[in-house]
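J.: Sequence:
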Amino acid sequence: MNNILILYTGGTIGMVTDETSGSFVPFNFELIHKNVPELSRLNYNLSIHSFDPIIDSSNMQPAIWVQMAELIKDNYDLYDGFVILHGSDTMAFSASALSFMLEGLQKPVIFSGSQLPIGEIRTDARENLITALEIASAKKHGRSLIQEVCIYFDSKLFRGNRSFKYNSAKFEAFRSPNYPVLVEAGVHLKYNRPALMNNTGKDFILHTRIDNSISVLKLYPGISKEVVKAVLESNARSVIMETFGSGNTTTATWFLDMLRAAIRDGKNIVNISQCKVGSVELGRYETSQWLKEMGVLSGFDMTFEAAVTKLMYLQGEFESQSEVARWVEVNIRGELTD
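Just so we're on the same page, the numbering used here is the position in the sequence shown counted from 1, plus 1164.
Since the hints were made in silico from the structure, they are not lab data. Please note that a few of the clues may not be correct.
Label pairs and their computed distance ranges (CB to CB) [unchecked claim]: (1) Met-1458 x Met-1165: 57 to 65 Å; (2) Ser-1185 x Lys-1389: 44 to 52 Å; (3) Gln-1453 x Glu-1481: 27 to 35 Å; (4) Ser-1222 x Lys-1389: 28 to 36 Å; (5) Asn-1167 x Thr-1414: 49 to 57 Å; (6) Arg-1286 x Lys-1354: 21 to 29 Å; (7) Leu-1242 x Ile-1369: 12 to 20 Å; (8) Arg-1424 x Arg-1286: 48 to 56 Å; (9) Asn-1207 x Ile-1387: 55 to 63 Å; (10) Ala-1302 x Glu-1481: 28 to 36 Å; (11) Ser-1332 x Leu-1242: 32 to 40 Å; (12) Pro-1358 x Gly-1386: 38 to 46 Å; (13) Thr-1417 x Asn-1331: 34 to 42 Å; (14) Lys-1304 x Ile-1387: 48 to 56 Å.
Cross-link-like lysine-lysine pairs, in silico, DSS-like; alpha carbons within 27 Å at most [said to hold, decoys possible]: (15) Lys-1440 x Lys-1320; (16) Lys-1354 x Lys-1303; (17) Lys-1198 x Lys-1320; (18) Lys-1393 x Lys-1431; (19) Lys-1366 x Lys-1354; (20) Lys-1393 x Lys-1456; (21) Lys-1354 x Lys-1320; (22) Lys-1382 x Lys-1440; (23) Lys-1354 x Lys-1440; (24) Lys-1440 x Lys-1329; (25) Lys-1382 x Lys-1393.
In this text the structure is predicted, and so the values were computed from the model without any measurement. Cβ atoms here follow ideal geometry from the backbone N, Cα and C, with glycine treated the same way.
Work out the full structure, taking the sequences as your base and the hints as a guide.
T.: The structure is reproduced here in structure tokens:
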């Protein structure tokens, strides 16, 4: 019998309809068997830890990521897998963050949630929860099949740091266009074995130092000098620059000069694309050749969520900006394609 720990942080999945007001209100998640009686048919020992207070995912903070990571570390030897129920709006940020914080993970940590409350007739919560538990318990030769942080939503399991929420109106809320689906749930669970991470034999190490000194520069035609200056001259250690296409920017002299000045002042500037599919390729076009020569870093095909949380993790690990810059461009948890 598998032992699974469910961490309930909050989100739509833990809501029911208040009979008086008709609005959605949180319920005691430890009474989950009442709302999902199918759980009693699963051959699992389920333990539930509910955060108090529960957290709307829009209020998610790095300190809560630390709490989640420490709970997994403290209970690592007691459970075969972990399911984290979380609001969908910032789920990809949390999954990406934990992927960096839990090094050498050899057990599944699966984020899930729902678009409709668990008490609704047409809810997606039951299938998401039950299948997430089934995947979290899957083993072969005594080893967990999933050895990484993932997101399970609407019949698909994604690598957590490759995912993003793209739709707030469909049950199919998440996508991972730059990395294959890990598991597809149909009549059977179909595992994409070559795409799965294998950490067997590695040491499990918890990292909890997070430095959120990051700013974001999203480019658009007509962006002003004042806007660029405000972002680049902030106190942030690193700047995520969201560029066009395969990493292109304006070649206006004033813009390139501002970037050079920020890099001279010690800032790391990481180039990720506004496109959801594809990768940054610095130097492919003349418009990005200048960036490569001045020392702008490539984020390759990282999602915005992965770039943010990877920088927070690296800046917590290293005081040296050059060390942060070195590791930004290295694939450390399956978050980018070299």
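J.: Each hint: holds or not?
T.: For each hint, the structure was consulted:
1. The hint said 57 to 65 Å for the Cβ distance between Met-1458 and Met-1165, and at roughly 58 Å that hint holds.
2. Distance hint for Ser-1185 and Lys-1389: a CB-CB separation of about 51 Å, consistent with the stated range 44 to 52 Å.
3. Separation of Gln-1453 from Glu-1481 is about 31 Å and conforms to the stated range, judged on CB atoms against 27 to 35 Å.
4. Distance hint check for Ser-1222 and Lys-1389: the Cβ-Cβ separation is about 32 Å, which falls inside the suggested range of 28 to 36 Å.
5. At roughly 55 Å, the beta carbons of Asn-1167 and Thr-1414 sit within the given window of 49 to 57 Å.
6. Arg-1286 and Lys-1354 have their C-beta atoms about 25 Å apart, which keeps the hinted 21 to 29 Å range intact.
7. In this structure the supplied range 12 to 20 Å holds for Leu-1242 paired with Ile-1369, their Cβ-Cβ distance being about 18 Å.
8. At roughly 55 Å, the beta carbons of Arg-1424 and Arg-1286 sit within the given window of 48 to 56 Å.
9. Between Asn-1207 and Ile-1387 the beta carbon distance is about 57 Å. The supplied range of 55 to 63 Å therefore holds.
10. Between Ala-1302 and Glu-1481 the Cβ separation comes to about 32 Å, which falls inside the hinted range of 28 to 36 Å.
11. Restraint check, Ser-1332 to Leu-1242: a C-beta distance of roughly 36 Å satisfies the suggested window 32 to 40 Å.
12. The given range of 38 to 46 Å is respected by Pro-1358 and Gly-1386, whose C-beta atoms sit roughly 45 Å from each other.
13. As the Cβ distance of Thr-1417 to Asn-1331 is approximately 40 Å, the hint placing it in 34 to 42 Å holds.
14. At about 51 Å, the CB distance of Lys-1304 to Ile-1387 agrees with the hint of 48 to 56 Å.
15. Between the alpha carbons of Lys-1440 and Lys-1320 the distance comes to roughly 18 Å, so the proposed pair stays at or under 27 Å and holds.
16. Between Lys-1354 and Lys-1303 the CA atoms are separated by roughly 14 Å; this keeps the pair inside 27 Å, and the hint holds.
17. Taking the CA atoms of Lys-1198 and Lys-1320, the gap is near 26 Å; set against the 27 Å cutoff, the hint holds.
18. In summary, the hint linking Lys-1393 to Lys-1431 is supported, as the alpha carbons are separated by about 13 Å, within the 27 Å threshold.
19. Of the pairs offered as hints, the one joining Lys-1366 and Lys-1354 holds, with about 26 Å between alpha carbons and a cut-off of 27 Å not exceeded.
20. Taking the CA atoms of Lys-1393 and Lys-1456, the gap is near 20 Å; set against the 27 Å cutoff, the hint holds.
21. For the suggested pair Lys-1354 and Lys-1320, the alpha carbons sit about 10 Å apart, so the restraint of at most 27 Å is met.
22. Distance restraint check for Lys-1382 and Lys-1440: the Cα-Cα separation of roughly 14 Å lies within the 27 Å cut-off, and the hinted pair is therefore satisfied.
23. The suggested pairing of Lys-1354 with Lys-1440 holds, with an alpha-carbon distance near 25 Å, which does not exceed 27 Å.
24. Taken as a hint, the Lys-1440 and Lys-1329 pair is honoured in the structure, with Cα atoms around 11 Å apart against an allowance of 27 Å.
25. Straight-line distance between C-alpha atoms of Lys-1382 and Lys-1393 comes to about 13 Å, which keeps the hinted pair within the 27 Å bound.
Hint compliance for this structure: every hint is met.
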